[in-house]
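S.K.: Here are the chains, one letter per residue:
2 protein chains.
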Amino acid sequence: MAQRLEWASLDAGARDAALQRPVQSVAGTTRESVRVLIDEVRGRGDAALREISERFDGVAPDSFEVTAEEFSAAEEAVPAALKAAMRDAAARIECFHRAGMAAPYAVETAPGVVCERVVRAIPRVGLYVPAGSAPLPSTALMLGVPAKLAGCREVVLCTPPRRDGSADPAVLVAARMTGVHRVFKLGGAQAIAAMAFGTGSVPRCAKLFGPGNSYVTEAKQQVAQAGVAAIDMPAGPSEVLVIADEGADAAFVAADLLSQAEHGPDSQVLLLSDSAGLLDRVERELEAQLAALPRAEIARQALSRSRLVLTGTLDEAFDISNAYAPEHLILALREPRGWLDRVEAAGSVFLGDFTPEALGDYCSGTNHVLPTNGAARAYSGVSVSSFQNFVSVQGASAEGIAGIGRCAVTLAEAEGLEAHANAVRLRLDKAAPEASTPRRGSGEP
Amino acid sequence: MAQRLEWASLDAGARDAALQRPVQSVAGTTRESVRVLIDEVRGRGDAALREISERFDGVAPDSFEVTAEEFSAAEEAVPAALKAAMRDAAARIECFHRAGMAAPYAVETAPGVVCERVVRAIPRVGLYVPAGSAPLPSTALMLGVPAKLAGCREVVLCTPPRRDGSADPAVLVAARMTGVHRVFKLGGAQAIAAMAFGTGSVPRCAKLFGPGNSYVTEAKQQVAQAGVAAIDMPAGPSEVLVIADEGADAAFVAADLLSQAEHGPDSQVLLLSDSAGLLDRVERELEAQLAALPRAEIARQALSRSRLVLTGTLDEAFDISNAYAPEHLILALREPRGWLDRVEAAGSVFLGDFTPEALGDYCSGTNHVLPTNGAARAYSGVSVSSFQNFVSVQGASAEGIAGIGRCAVTLAEAEGLEAHANAVRLRLDKAAPEASTPRRGSGEP
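Read top to bottom, the protein sequences are chains A and B. By the UniProt record's numbering, the letter at position 66 of the first sequence is numbered 66, and the numbering carries on one by one without gaps. By the UniProt record's numbering, the letter at position 354 of the second sequence is numbered 354, and the numbering carries on one by one without gaps.
Pulled out of the complex, with its shape left as it was, chain A reads as follows (with noise of 0.2 Å):
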């Protein structure tokens, strides 16, 4: 079971190791057998493709692509109650993803000149859905639905085959729902590798996104960094920290523990708070509930690796969780909306005893693709301004250069860049002889 731990009685050395994550040192192999596979896609595009997937998946499909036909037996196959779901989680995340939107501007720097920013969709993106233990039709939602608010031209999404060769019904509706255009069969670092290369049949895209095992998210890494296509963020396990206080509800919190480790043996989960009694609690919680769970043997081995730590104040706890920067930080305390203000690096954060992480994973509207492994620090999760791009723009009229021109040839002349000093003259000497033709060449007015 978890490691109980008591902060005031940790060295650095055992502060820093409390706070390690499970390592996932991607070993040698792993990136030599992603580099290989990435360089037959991008040298023999289909044919690798089929090769590849009957290697792995053990299906090799004529086309992959999802049909018309495909999509239509899919709307049959998913019960009514689950599309309902899915059209409701959706909806919400749109709500939320929509009010996020950034908007153009423009401002006047200076007398005619003009600066703004607009706003571009991403023309062609490529989004990943996994399906290891489980298809994530959520996942489908969390990306689809802020790329078509984005308004990017092309949406793309790969999606791991089935034995039969067919793709997982749920996620085929959710795609569909969203406005994805164009479905693939086709998983794992070869999906990112087609994506990014593009090849006879899978377009190429400009940016990748979503969560995947250690092979894709290790081929998403290795395009990234070849310059072939953007990706949302680096990815690693997941991971949840929950600050709670004496008053917090044992069971609530054994819950969102256990929701968080069940993902897989990597998981990482932290609990800490200023009061023993409650990590007694949680602590003869997290085993009745995890008697009862279908993946308990997951669950177990996610949390010999995790913590329940006592701190000496709540404000500790809030130093711990910024410096580990979690994925998910659930605050079970009695004014939790009073210590958002404390919160400096996380995913997602989650208010009281009503507020389980799972709400945020399916359909209180907010993306559950999250910076993880520390990455909160400085990356932040989807949103609709992960599909485009902005652009800034200036215009500057004779007037505007006349007022503003000396000041860029002044600093031209200090970094010793005479063309870009001319350039400007050049403009002075039509916009504005006087304010110009004097001073040229003295290198200051």
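Heads up, none of these hints are tricks.
Note that the list lumps identical chains together, so a pair holds whenever it fits in one copy or between two copies.
With a straight-line cut-off of 20 Å between C-alpha atoms, the simulated EDC-like cross-links for lysine to aspartate or glutamate are:
#1 Lys83 with Glu70
#2 Lys83 with Glu94
#3 Lys430 with Asp249
#4 Lys83 with Glu69
#5 Lys83 with Glu413
#6 Lys430 with Glu285
#7 Lys430 with Glu418
#8 Lys430 with Glu399
#9 Lys83 with Glu418
#10 Lys430 with Glu246
By construction, these hints were calculated from the structure, which means they are not laboratory data. Nothing here was measured: the structure is a model prediction, and the numbers come from that model.
Given chain A's structure and the hints, the job is docking chain B onto it.
M.R.: What follows is chain B alone, placed relative to chain A:
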């Protein structure tokens, strides 16, 4: 001189070749030496920094950090007119960047479910300001102003020492002007390693910004890839693409091409026009202006890799530009604002005859740290948000989870994540027992 091409006469291969950027493969030796430098700094901290600085900069100061006395001396050394120009530029940069700052927001996505996005400054960031052929105080402004607006608690800046062990006075003045907290006389890969890992004297920074030579950019890539620090964007040589019509001023266009070309021999310069006459005139102007430039040799080398392309129409020129995704895009057109909708991917756009790139480089107000090498397809230039994290927050009341909890349960069950479902069900039992209990375990309402 630049190559003349007629787009209509090129086949697909020749068109690809025409848009190829100068190859800038990082030599394996560069990659390996950077890896070694990073390992040294990581392992031996300041002692390694001193040795490496001695080796590459010919000077190893006792203390890397710029002192109050050095700042005062710099204030004395910089001419008043240059200080005034920096102040003017900083004010306009601040004006434009402040207007684009993202605000926090909150929205009720369902009764009793409030989702928010809060904005947090990245607490400690590291800026790199190069001083290769010349120091670049303008880069200190471009990074320092948005870092200050973001509210970063500690802004660290590294810039290479000069031979006498001092830092460039103009860079110091710019750093102080924008509220940079600490400046270190450190350059190259060793500066990046120091800010990424931290040493005895240099604090560890969560995200690193700024341009640099191939060692600096390789070091940024390596620390980002290792997950040690985030970086602003991948970097390559600077580049400009100009779209000019028959009415453009050939002298202005040539001056803009040259101001890009003087950056370095690997700078890329493209001119697209539907007017052969304009291309002829620009060619003549390039020769004439080149003769007068102090950095003519650098510019000549860059021009030799550049292209003047005759297109069938201006519309075709925009297709080419969008495929190329230039860092800087100058629209030397009669109605430039009307063409802006055609721009899909570019770092920064310059409208019309009186808006040379040099204005944006220094003082229009936009940022000059921009995506190069085609990265503008999926990356944006530096803005205030580059220095911030966006944290999503959700809070559900008992009423809130009673309303949307079943949706989460249905999706969790469909994904086989029983502990997720359970974390919600436990709350439903307390929040709205009648809504939960009868349905528990049934999988569907």
